[in-house]
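I would like the entire structure built from these sequences, with the hints used as guidance.
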Amino acid sequence: MFFDYHMHSHFSADSQMNMEEIIETAIKIGLDEIAITDHHDIDYKDDSIEFIIDKNEYLTALEKMQNKYKDKIEIKKGIELGVQLHIFDQCNRYLADDFDFVIASFHTAEKKDLYNGDFFEEYSQWEAYLQYLKTVYAVVKDYENYNVIGHLDIIRDYGNYDHKPDLMENKEASEIIAEILKQIIKKDKGIEVNTSGYRIDGENPMPSFRILKLYKELGGEILTIGSDSHSTDRIAQRLSSTSQKLKEIGFDKLSTFTNMKPQFHKIEDFAPKK
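Add 462 to the 1-based position in the sequence shown for my numbering, that's all there is to it.
FYI, nobody ran anything at the bench for these hints, they're computed from the structure. As the structure is a prediction and not an experimental result, all values here were calculated from the model. Be aware that a few hints might be false.
[Stated by the list, open to error] In silico DSBU-like links for lysine-lysine, alpha-carbon gap of 30 Å or less:
1) K517 to K532
2) K574 to K517
3) K678 to K603
4) K626 to K538
5) K651 to K707
6) K649 to K678
7) K715 to K574
8) K534 to K633
9) K507 to K603
10) K728 to K707
11) K507 to K574
12) K707 to K626
13) K530 to K603
14) K538 to K675
15) K644 to K603
16) K532 to K490
17) K517 to K649
18) K649 to K707
19) K532 to K574
20) K490 to K534
21) K728 to K649
22) K633 to K538
23) K538 to K490
24) K678 to K626
25) K574 to K633
26) K626 to K603
27) K573 to K517
28) K715 to K532
29) K707 to K633
30) K596 to K574
31) K648 to K723
32) K526 to K490
33) K596 to K649
34) K715 to K644
35) K715 to K603
36) K649 to K538
37) K651 to K507
38) K507 to K626
Now the structure itself:
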């Protein structure tokens, strides 16, 4: 069983791939299942771009692809939901019961954008990292309408810093991360392993292997894996090698989702079709 559970079509403002390009490439690579997870960020704090999806149009397009390719690949209705503390009700109304899989992600904190740098203006590097983690903790403590937290330590990818350390290097940060993971585990949620993270330091996905090891030690079991691809050349990138690293840490299964419920697959079976 080989799957990529984080990919973006043209319904995301930062991707130009159409759904058929994604699906045809996925089939060629040997994927058995994909979740297309386009960006929906309510009240996103950058006026230069809008990550809002017309849900009816999006779901109609997904259903069309499901029907067209039903004999070749399993396609799940996914979404990457930008979560903020003040939009829980809006998120819930948008999601309803219409998706197989929801990634809860953090592209803003304290109503400020991470990508354009606004969030970092009032903080030192580690202050920014800590404030971000506190925001994540506040969300996972009170919000539950999702399946996995996306790219948990994505804050490392932002900010104009020469050195981008593993967040586990800081005692206070590691303590907050542990509390985040405990909340996730307690509520039967999971985290994603996002292989686009290797661009940060060349050695780790998002979250880092140190965070993933802590998740395992705390009893975490629900893991999805995805490339976060915005172009066809990145689909399924480094999924196989990363899954083997996860096995070395001690994980023995990865998850897919149907109607927001996890199904588990042995890591040793995670490989392209022969």
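So, going through the hints one by one against the coordinates:
Between K517 and K532 the alpha-carbon distance is near 22 Å, which keeps this suggested pair within the 30 Å criterion. For the given pair, K574 sits about 25 Å from K517 by alpha-carbon distance, which is consistent with the 30 Å threshold. Between K678 and K603 the CA atoms are separated by roughly 20 Å; this keeps the pair inside 30 Å, and the hint holds. Restraint check: the Cα-Cα separation between K626 and K538 comes to about 34 Å, which exceeds 30 Å; the hinted pair is violated.
Between K651 and K707 the CA atoms are separated by roughly 22 Å; this keeps the pair inside 30 Å, and the hint holds. Proximity of K649 to K678 is assessed by CA-CA distance (about 15 Å); at most 30 Å being required, the pair is judged to hold. For the proposed pair K715 and K574, the alpha carbon gap of about 36 Å is over 30 Å, so the pair is violated. Under the criterion of a C-alpha separation no larger than 30 Å, the hint pairing K534 with K633 is inconsistent with the structure, at around 48 Å.
Proximity of K507 to K603 is assessed by CA-CA distance (about 23 Å); at most 30 Å being required, the pair is judged to hold. A C-alpha spacing of about 14 Å is found between K728 and K707, which places the hinted pair at or below 30 Å, so the restraint holds. Using a Cα cut-off of 30 Å, the hinted pair K507 and K574 holds, with the two alpha carbons roughly 6 Å apart. At roughly 22 Å between alpha-carbon atoms, K707 and K626 fall within 30 Å of each other, so this suggested pair holds.
Note on K530 and K603: the hinted pairing is violated, with a Cα-Cα distance of about 40 Å set against a maximum of 30 Å. Restraint check for K538 and K675: satisfied, since their Cα atoms lie roughly 28 Å apart, inside the 30 Å limit. Distance check on the hinted pair: K644 and K603 sit about 10 Å apart at the alpha-carbon level, within 30 Å; holds. For the suggested pair K532 and K490, the alpha carbons sit about 15 Å apart, so the restraint of at most 30 Å is met.
With a C-alpha separation of about 27 Å, the suggested pair K517 and K649 falls inside the 30 Å cut-off, and the hint holds. Between K649 and K707, the direct Cα distance comes to roughly 26 Å. Compliance with the 30 Å bound is thereby established for this hinted pair. A hinted pair counts as satisfied when its Cα atoms are at most 30 Å apart, and K532 with K574 does not qualify at roughly 41 Å. Pair hint K490 plus K534 holds up; C-alpha atoms about 10 Å apart against a cutoff of 30 Å.
Restraint check for K728 and K649: satisfied, since their Cα atoms lie roughly 23 Å apart, inside the 30 Å limit. Distance restraint check for K633 and K538: the Cα-Cα separation of roughly 39 Å exceeds the 30 Å cut-off, and the hinted pair is therefore not satisfied. Using a Cα cut-off of 30 Å, the hinted pair K538 and K490 holds, with the two alpha carbons roughly 18 Å apart. Distance hint between K678 and K626 is fulfilled; the C-alpha atoms sit about 24 Å from each other, no more than 30 Å.
Of the supplied pair hints, the one linking K574 and K633 holds, its CA atoms being roughly 25 Å apart against a limit of 30 Å. Simply put, K626 and K603 have alpha-carbon atoms about 27 Å apart, close enough for the 30 Å limit, and the pair holds. For the suggested pair K573 and K517, the alpha carbons sit about 24 Å apart, so the restraint of at most 30 Å is met. This hinted pair checks out: K715 and K532 have alpha carbons roughly 25 Å apart, not beyond 30 Å.
Pair hint K707 plus K633 holds up; C-alpha atoms about 25 Å apart against a cutoff of 30 Å. With a C-alpha separation of about 14 Å, the suggested pairing of K596 with K574 holds against the 30 Å cut-off. Using a Cα cut-off of 30 Å, the hinted pair K648 and K723 holds, with the two alpha carbons roughly 16 Å apart. For the suggested pair K526 and K490, the alpha carbons sit about 20 Å apart, so the restraint of at most 30 Å is met.
For the suggested pair K596 and K649, the alpha carbons sit about 18 Å apart, so the restraint of at most 30 Å is met. Under the criterion of a C-alpha separation no larger than 30 Å, the hint pairing K715 with K644 is consistent with the structure, at around 19 Å. For the hint pairing K715 with K603, the CA-to-CA distance comes to about 26 Å; that is within 30 Å, so the pair holds. Taking the CA atoms of K649 and K538, the gap is near 23 Å; set against the 30 Å cutoff, the hint holds.
The suggested pairing of K651 with K507 holds, with an alpha-carbon distance near 27 Å, which does not exceed 30 Å. For a cut-off of 30 Å, the pair hint linking K507 to K626 stands: about 24 Å separates their Cα positions.
Hint violations for this structure: numbers 4, 7, 8, 13, 19, 22, all remaining hints satisfied.
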